[in-house]
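Chemist: Line by line, the protein sequences give chains W and G.
For the first sequence, this note's numbering assigns the number 37 to the initial residue and increments by one for each residue that follows.
For the second sequence, this note's numbering assigns the number 37 to the initial residue and increments by one for each residue that follows.
Since the hints were derived computationally from the structure, they do not count as laboratory data.
These numbers were taken from a predicted model, which means no experiment stands behind them.
One or more of the hints may lead you astray.
Remember, identical chains collapse to one label, so a pair may be satisfied in a single copy or spanning two.
Taking lysine to any residue pairs in the SDA-like style, the calculated list, with each CA pair at most 25 Å apart, reads [said to hold, decoys possible]: (1) K139 / A196; (2) K80 / R238; (3) K139 / M124; (4) K139 / D125; (5) K214 / A73; (6) K139 / R238.
Number of protein chains: 2
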Amino acid sequence: MYKAFDESLTDTAGQIEKHFERVLSSFDQVPVTQAMAYAVRGGKKLRGFLVIEGARLHGINVERAIWPAMAAEAIHTYSLIHDDLPCMDDDSLRRGQPTIHVKWDEATAVLAGDALQTLAFEMVARPEVGSADVRADLGLSLARASGAGGMVYGQALDIAAETESLSATVESINHLQKHKTGALIQWSAEAGARLAGEDPSRLGAYSHALGLAFQIADDILDVEGDIDTVGKAVGKDADLGKATFVSLLGLKGARQRARDLVAEACDALSSYGKDAECLRQAAHFVILRQF
Amino acid sequence: MYKAFDESLTDTAGQIEKHFERVLSSFDQVPVTQAMAYAVRGGKKLRGFLVIEGARLHGINVERAIWPAMAAEAIHTYSLIHDDLPCMDDDSLRRGQPTIHVKWDEATAVLAGDALQTLAFEMVARPEVGSADVRADLGLSLARASGAGGMVYGQALDIAAETESLSATVESINHLQKHKTGALIQWSAEAGARLAGEDPSRLGAYSHALGLAFQIADDILDVEGDIDTVGKAVGKDADLGKATFVSLLGLKGARQRARDLVAEACDALSSYGKDAECLRQAAHFVILRQF
């Protein structure tokens, strides 16, 4: 059932990596730019896939959509690099490979993350993306999704949560994840409508539910997965005494919540008809990764 | 002679700080957003001043120019926060105050820097800035000036230079500083012309010379200044055995080079006539800070 989706995801990830190679090879090769190229390799590139699929639904071809797809992946990758730093989550493994500060050093990791964020804003502003209206809209919405009112705000809440697990509720975790993971996933799914200058609200509703389902799946993976399939350390949340959807809802409750959210995500796409099949499969896929 | 300029610089810095307060108070108040507000306070805000003065020369009022002025200062401030981290320059004092990782912690410093970079790209994309063409142009040029081909590239070279001082030449330091300090100063000075949709090349030539003069002055200050007037640790370059304009040209030679560059900067503004007096004074000011 998911063969078409799986192939499409793999194909998209390959295209995005190829474009990153081209763009990053245009910079002078120093450890920071080498680390950037290293960091964007691997991974499923779900955010980039959402951009390209959302764009296709709105009649926008991949030659234009590839740029905001790279922007979403550049923001995501920068946040992983900085999250992995010793002063943050202190992870030595990412996508099955040594993290940047392990392979190079911390300074290189800080700068490579910084420059990947900058690259994201260059990607959405490039003339190839479309009209100036579209590019300014993508830049503004990406900044809002990823900054102190979006992704970074979620990360800040996450740091605070490590010391406040007793007061955590499903609502507070929802609030945290809506920003930490959800905001960029939502921007990615909406970008296609923005590229077409059309209303992104249906894709917004889809990705809002998808983002939460994704995070619940991630929490389940942290409990049930093993290091070989996940490609990063597992069981860290429990070790840190961190409240997660699993610790608050139980494994069974978390799975049910994720299934409900996937149904909700698919419903939001009903008016797109059959064209949205690939995005529906994507929603099922995010929770199928482990159950 | 510099009274008008001094007052103008102070006035502009005040306006920029007031706008930062307003924008940053709109975010949920957590340590990261509090650290962002703390970090943008103080300093001369030379980059913001260059934006606003360059804009005035092109008939653009401060209500529009304040946004790219904040963007330049947000990028500058984020780079200082990350530069001060223990894994980079390991500074505990900035603008006479404890650095973010000292006052809060390293994770807060990483995230506050990250979110200030994002904020910069939000500032240039805001509808108040002007037409979509102008906003997309400012976003693209800012990304190119501050990323892996601009400021961060300069920082990467700077890290490498700490271990390669024997091979340093005036040309290699020029190349390093043109990116590390120069690119953002140049973007700041050019932003006014971009706001007006006009050719930024005269302001570009001015700021190219200004940026180098500024860095030479900074190197001299590191040798001659004291911690009270500079507001940060001094003598660090020599302690690190780092090649600077002073170590390569001598104090006298460095001073002469800075004076020549100021003259060059002022010449580039000749076609603006008397209107550019404030920018000419700014050029003199950057080297008058200490001699």
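Chemist: Can you give me the call for K139 and A196, within, between, both or neither, at a CA distance of at most 25 Å?
Modeler: Cα proximity of K139 and A196: across copies only (16 Å, versus 29 Å in one copy).
Chemist: Regarding K214 and A73, is the shortest C-alpha distance of 25 Å or less found within a copy, between copies, in both, or in neither?
Modeler: between (29 Å within a copy, 24 Å between copies)
Chemist: Please sort K80 with R238 into within, between, both or neither, judging by C-alpha distance up to 25 Å.
Modeler: within (24 Å within a copy, 46 Å between copies)
Chemist: When no copy is specified for K139 and D125, does a C-alpha distance of 25 Å or less occur within a copy, between copies, both, or neither?
Modeler: Result: close both inside a copy and across copies, 16 Å intra and 20 Å inter.
Chemist: When no copy is specified for K139 and R238, does a C-alpha distance of 25 Å or less occur within a copy, between copies, both, or neither?
Modeler: Answer is neither: 42 Å inside a copy and 44 Å across each miss the 25 Å cutoff.
Chemist: How do K139 and M124 come out at 25 Å by Cα distance, when the copy is not named: within, between, both, or neither?
Modeler: So K139 and M124 pass the 25 Å test inside a copy (17 Å) and across (17 Å) alike.
Violated hint for the displayed structure: number 6, the only one.
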